[in-house]
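Turn these sequences into a full structure, and let the hints steer you where they fit.
Each chain, written out:
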Amino acid sequence: MMTHGDRNRSERAGSSRMRLRGLIRKEFLQIVRDPSSIAIAFLMPIFLLLLFGYGVSLDSEHIPLALVVEQPNSDTADFTAEFDHSKYFVTSYYASTRDAEQAMMAGRVNAIVVLRRDFASTLRRSDGAPVQLIVNGVDANTGRIISGYVRGAWGSWLAHSAQKRGEVLRVPVQMEQRVWFNSELRSRNFLVPGLVAVIMTLIGALLTAMVMSREWERGTMEALLVTPLSMREVIIGKLLPYFILGMGGLVLAVGMSLFLFEVPLRGSLWVLFAASALFLVTALSMGLLISTVARSQFVAGLIALIATFLPAFLLSGFIFDIGSMPAVVQAITHIVAARYYVAILQTVFLAGNVWGVILPNALALAALAAVFLGLTWRNARKRLE
Amino acid sequence: MNAAKHETASSTSASPGGGIALVVKQLSKSFLVGKRRIQALHDVNFSVRHGVVTGLVGPDAAGKTTLMRLAAGLLVPDSGAISVLGMDAATQSLAVQGAIGYMPQRFGLYEDLTVQENLDLYADLQGVPEAARAERYRELMHMAGLEPFARRLAGQLSGGMKQKLGLACALVRQPPLLLLDEPTVGVDPLSRRELWDIVYRLVREQGTSVLLTTAYLDEAERCDDVVLLHEGRLLDRGEPAVLREAMRGRTYRVTVAGMDKRVLQNRIAQAPGAMDALIQGDHVRVVMESDAPVDFAALCPAAAGIEAAAVAPRFEDSFVALIKAKARGDEDSSAQMTATTTSPLLARGTAEGSAQSGGVPAGVRLAGVARERVDTNQVQHIPPLPAGERGQDQFARPVIEVSKLQRRFGSFYAVNDISFAVSRGEVFGLLGANGAGKSTTFRMLCGLLPPSGGTLRVAGADLRHAAAAARARIGYMSQKFSLYGNLSVAENLQFFSSAYDLSGTRRKQRIDWALQEFELSSMADLTSGDLSLGYKQRLALACALMHEPDILFLDEPTSGVDPLARREFWSRINALAGQGVTIMVTTHFMEEAEYCDRLAIMAAGEILTMGTPGSIKAQARTAAQPEPTMEDAFVGLIMAHEHREAAA
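Those protein sequence lines, which keep their order, are chains Y and A.
Numbering-wise, the working numbering comes out as the position in the first sequence, counting from 1, plus 119.
Numbering-wise, the working numbering comes out as the position in the second sequence, counting from 1, plus 10.
Fair warning: there could be bad hints in the mix.
[To be verified] Below, a sample of chain A positions facing chain Y; criterion: calculated Cβ distance under 8 Å:
(1) Arg-79
(2) Leu-85
(3) Val-86
(4) Leu-104
(5) Gln-107
(6) Tyr-120
(7) Asp-122
(8) Leu-123
(9) Asp-130
(10) Leu-131
(11) Gln-136
(12) Leu-167
Quick caveat, the hints were computed from the structure, so don't treat them as lab data.
The C-beta atom is built at its ideal place from N, Cα and C for all residues, glycine as well.
Quick look at the structure:
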């Protein structure tokens, strides 16, 4: 026998389940019918991944380089061959420095290497032969990379030619380099995992803020509020479908990273998914929080873009290293959820299950999720004002 | 089933007050808009009886929607309380929401869900048990006439069908009290009639109590009880018939042979003792200040051959009388003039006795005119005067010529083979259900949409080749009043005059003219978004007239404004027509159709009939309906068309 209270409670639980089921089914039908949410959830990630995987690269390769050899001989030919065979440069030869300079002005080349007339003769003197390098420094980063590459090419050629002559090049300090985690120094290997964070922010915060404010804009929220729905059910009814959608986006992004871009996954898949689930809840609660203040899609979209998407891009350490940002900006990055997630992602992909990194970051994510959800809970009232 | 028990439980708790479903006590509510506080409701008291239809009637900004939202627990009152089915709407909002059915103004449908999916959603949200659904759905779909459309997306339904689906969703749990916020706004007369039939069937068969809001005064007569709201205050309440009967003996139809009806209306409106004068097809309908007998010959000495007969009062008469009485009261107690109310206008009209050009029929004071007792049921004959100021020959040269006009969207004909011509100075009305092709026709006439076939000449220019030339000679005003809400009145006028290429002294002249003519000088620096709807409408009209167009297009220009502002608007339109401006207008108010010289009624992209209001009404005359209204004629034509379509 059930007491009256028990039955009431179970009845209430039953109708609550029915209401939630109705809400969630409605949400999925809307997602399926609305091309724009499909586009944000699936096409945008594919587009971003392809763009960052193939199009954008922070490595400098195929730099157009002008070579001016004033008096060609076997030594200069030997030296320029070093550039000709390098994957970093695409060489072109100019008869005079002036021609090469004009080519640089016109933007056809990014750097000029000049081998003077006396190159061969001074080469064997004790102070060595001078090589002139002119670099287009407009893009400071590329400029530095070029001068590094040229210097490297020069050094390795010197060592080579000394070896050929049976001498040992005397350099007082020898540096032996080893690159860890991303030994090939492929920028794709850290861009693609970082991109997963951007994609999850897109689905979690932007999409959720937009669909929630759409309900306000179209007046459907008013109709929902005048049903026995509680605000808790409204929030769960939005969280759950977009959580599932976000995890779908994650599977897509991880699949593409591993199989299309061949980014190594050194940690375990379950750590990756658990951390992603945590971040997704944070992103979703940011989206919901935005929708409690913004009641038009335009405003919600704009706030979400500025408050979640751009920080995920710029302040998460995904492209720009947080350590080299000014102190103020570094302080701001602490409230950017994507920052913690990017740290976890890059660790899990490139280093492995390094708990010392994963746990503190996960904790920070959980704290942010709690804050955002709490604020949403407090702000969402079943009233129109 | 425990759901059935739940149902009876809620319906017994529904009537604790013994026949009272809803009580509003000293209710006040204000909103902060920007820096200004707007009093939406001011100390309102009334109650709603069980098992009847109560209409909350008033123009826009009367506070109707605020009151509905307060009743649904979506807003909290500043002071006072609403008791809904014995529960306090503010403190027990969840319980109230579980008991009532509510349809918000924008029906709350998910347009990307099908009809069936919308019903399923609301059934889930309202906790309708699965077993009871099939039966309930069948009932609702049948009632709403939506059976063939279960799989159609709600967004692809017509306006009327959306409204019926919204109603069905609100009814999915069979609530004892139904709140409907403007269920008929923007819906064509046929769908409106069907909606009313559904509401009355609910009341009759299921004993549902209904509280609905409407801005259509003719709908108020269909309610059992009405509550009249104006600017947040209760004007009056009671049975519409009782309110209407108070006006008996004050209403007449007046004609003068050979005199233009607009001139006649203008004269009568300015006559002492006349409260209201409206054009009704071929005659002028006059409402007097009191039921004392009237000598029309003395009242309107310039109009010879005047004929006047008493006619039955209408609900709108009592509403207009109430607002005017209130405005006079405000004036007497020297109420201050504010930009947000229409009362300054009325007060002004009253103070000056009558208004300029258009002859605003605003509160004209009873002058000490001697009146004799005349049998009001008898037609009065007065010798005729020379014809009105407007000659007949002005209709000779068509300004708009449309022939075999077509517009196709994909395989769908929005406008199919329509032809008509409009003469200079004519007021031509375009009526039709939602989706009949009125807006498409309008857009083509304004040169905004190229036609798929046929010819189109506006102001002598072929719109296919010289759209820009034609556009310089037309003015356009739509129901949305395309103003810049964050610019001031003067800035809006400046912008529109520059958009029409006016500059220098001419621009200044036109702006001064607009401020003068539309009595906007005192509010030139106010933000136009803060104006009342009536003033926004004036400003929109002023903007559309900045370049002195030959043709004026009005797309539902008066929806939402109160009857007085509507009258004032039309008096301006009539004055413009008198000056030779050609007017094309679309409207959902059958009342306004009567103001037109000629009308075309459209359905499914075709013109069903065209002619004067009188001739169109005459088509609907039957033995059962000797005096058909414009609405009767409209509904009859549309239904006949649908029968033909169904047969074909």
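Results of checking the hints against the structure:
no. : hint    : in the structure
1   : Arg-79  : 6 Å, holds
2   : Leu-85  : 6 Å, holds
3   : Val-86  : 7 Å, holds
4   : Leu-104 : 7 Å, holds
5   : Gln-107 : 5 Å, holds
6   : Tyr-120 : 6 Å, holds
7   : Asp-122 : 4 Å, holds
8   : Leu-123 : 6 Å, holds
9   : Asp-130 : 7 Å, holds
10  : Leu-131 : 5 Å, holds
11  : Gln-136 : 6 Å, holds
12  : Leu-167 : 15 Å, violated
Hint check: a violation occurs at hint 12 only; the rest are consistent with the structure.
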